[in-house]
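Asks: The residues making up each chain are set out below.
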Amino acid sequence: MRCGFCGHEFAESEGNVGCKNCPMSSGCKMVKCPRCNYENPPEPALVKGIKKIFGKKDRE
Amino acid sequence: MSFFGKKGSCHETPTVSSTGAKKVALVGNPNVGKSVLFNALTGAYVTVSNYPGTSVEVSRGTTAINGEEFEIIDTPGMYSILPITEEERVAREILLTERPHLVLHVLDARNLERMLPMTLQLIEAELPVVLVVNIMDEAARMGLEIDIPLLSQRLGIPVIGAATAKKVGLPEIRAAIAGFTASTVAPFGYSRLMESDIAAISGCLKGEYILSRKSLALLLLQGDDEVAELVRDSEGDGFAQVETAVKEKRFERRESFHLDLSMERKSIVKKVLDGAFRTPQKRVVTLAERISRLTVRPATGIPLLLIVLYFGLYQFVGVFGAGTLVDFLEGKGFEEHFNPWITGLVKGNVPWPVIQELFVGEYGIITLGFRYAVGIILPIVATFFLFFSVLEDSGYFPRLALLVDRVFKTMGLTGRAVIPMVLGFGCDTMATMVTRTLETVRERVIATVLLALAIPCSAQLGVIMSLLSQSPRALLVWSLCLFGIFLLVGLLAAKVLPGDTPMFYMEIPPMRLPQFSNVLTKTYTRMQWYFMEILPLFILASVLLWLGKITNFFEKMINVMTPVMASLGLPKESAVAFIFGFFRRDYGAAGLYDLQSKGLMSPRQLTVAAVTLTLFIPCVAQFLIMKKERGWKVAIGIGLFVSTFAFGTGWVLNRFLLLTNIV
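Taken in order, these protein sequences are the chains called A and B.
Numbering-wise (our numbering), the first sequence opens with residue 1 and increments by one.
Numbering-wise (our numbering), the second sequence opens with residue 61 and increments by one.
Because the hints were derived from the structure by calculation, they are not lab data.
Each residue gets a CB set at the ideal place from its N, CA and C atoms; glycine is no exception.
Where hints are given, some of them may not hold.
[As the list claims (entries may be wrong)] Restraint ranges, calculated between C-beta atoms of paired labels, are given here:
1) A:Lys51 to B:Leu718: 57 to 67 Å
2) A:Glu12 to B:Leu580: 10 to 20 Å
3) B:Asp293 to A:Ile50: 51 to 61 Å
4) A:Lys29 to B:Leu700: 26 to 36 Å
5) B:Ser662 to A:Ile50: 43 to 53 Å
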């Protein structure tokens, strides 16, 4: 995915690892950019499912 | 750092991973496509973990080429092997301690000239380098021509042209990884004076090192403390001689060494690129570039920001979202149809008035909590998040950071603090957490105070916009008050808190036209997240208010607050909005909206209430996060300061408005 703030491209898995130290980790599903720490919303499962049906792949 | 203790030679066999795989390190500036290449090489079998002793994350994965396994390490972005940031330190430490079989230097073909100096550093350090000139497709679109074989010949290392996002160049990269044999000798040199300085230092180095002596000498001359420690450990008694030589050379060069070295490297890069890199005769300045320039220059950037705020926030969120949509959903949907129907249904089926009150009473879960969440807050956050996503996807935020950097510096912050501030307009709780990304504790405290005080969250902002948009003067007074207080408190905090303002550096991504599907996806996700978070809280708040009502505690609270409200020139009923506001900021704002709908407030009172409520104590969630991030002392201190300041400002503003009759 591409960070909405700095434009850095990264894998969604990279943006969730640091979350385990966060007090809100159980409530927030945001993906944090590894470069600038901006919080990006993840792609919802519904949208991923639709993309899968239509065979549209992510850049990653 | 741990590499101090490791001694070895650059000619030693590179280390292998625990599984026996040779290591391949991906290095380069941020945003050059390292992670995309990493993913393309490794697929799904990846581990991401903090580098030991740091908060920097490093990804590792494996790939098999011609039956042989390789461990791929995606290092954090680095601009030079002379590190400044923690990320750069970690990236360099990986090169030094893990001594990879191959270092893949990935750079952006569009910024070749700017990024090649690091390639020179890697080559002169005698690391086993292969250069990947990435994003060749975009470069070609811009009319840039790069002669890859000539570049390879001049640098003396393998060079691969690639567009990893489109899987172009991947077979060549995989072949380079599998077939690489180290034999790098830098085919370039510096001026006679610089080489003689390097020789004077490197001649004193007797120990065994991972980096070449030439590279070490340059790092010592540049004042790299970590390398100095490494050399001290390695040289033992001989270090005094090295230190003397470095001091002499640095004294001779005074302050000019960094500049001289940088100029010489630039000149080498120019020679390397001469004939190997061609730009189009006439540089085409795209519309996006023009707009980008306009957004960062104060003379044009500030009016543009005001236009964006007027159309985006005022017209779209305030007038359309909080006005038209809320009128329709809350006014028509809930007040006219849903509430009477559900009230009848509950009253007809539940015989106990107390329970009826819990669900459909004045502070009922359905008639208040659910109505506020769905009828008032949801349309406002939907329009706000839509506007926010469009701005976000256009690449406007980093430009805004650059634009406000100078103003923020006067408040002890840098443009980087614009991230939590902008996020604060979405949700202050989330934004308070993001302040941890700011460099110094001082910055974090200042940003936390400003977020708690002067940044309204999306729903609060929307509701207040809607309330005050009927009286443009009231809106102007509210905006000026908030802006003035933001600046004043920031300036005072910067004066009171000790410490210096750090440097701000960030790479600006290109401006782009937002993709409709992406904007919708983001808006949907944020709305879903927000709604799932607020609905239980609104229900809980309704239950607490109901409990307060049936036990008369709520009435007592209102009575306690009545003198405070009176001193602000507000009716007794407005205490309810402040009590709501403590549960959640947007809940309080929605309460104010209710009071206005009932015709209980004049424009002056609305202005005073809106300013006080915006400044008022952060909601419970934000307060708890402040406590977690900054500790009890700071959180309570901020809470007390914010509450006192809010009511003090409300009192002064009320007097001022009574005297001047502006609103």
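Asks: Take the C-beta atom of aspartate 293 (chain B) and the C-beta atom of isoleucine 50 (chain A), compute their distance, and say whether it sits inside 51 to 61 Å.
Replies: The hinted range 51 to 61 Å holds for aspartate 293 (chain B) and isoleucine 50 (chain A), with Cβ atoms some 58 Å apart.
Asks: With respect to the beta-carbon atoms only, verify the hint that lysine 29 (chain A) and leucine 700 (chain B) lie 26 to 36 Å apart.
Replies: 33 Å, holds
Asks: Please test the hint of 10 to 20 Å on the beta carbon pair from glutamate 12 (chain A) and leucine 580 (chain B).
Replies: Between glutamate 12 (chain A) and leucine 580 (chain B), where Cβ atoms are some 18 Å apart, the hint holds.
Asks: Has the hinted range 57 to 67 Å been met by the Cβ atoms of lysine 51 (chain A) and leucine 718 (chain B)?
Replies: Because 59 Å falls inside the window, the suggested range holds.
Asks: With 43 to 53 Å as the target window, see if serine 662 (chain B) and isoleucine 50 (chain A) comply at their CB atoms.
Replies: 51 Å, holds
When each numbered hint is compared with the structure, no violation occurs for any of them.
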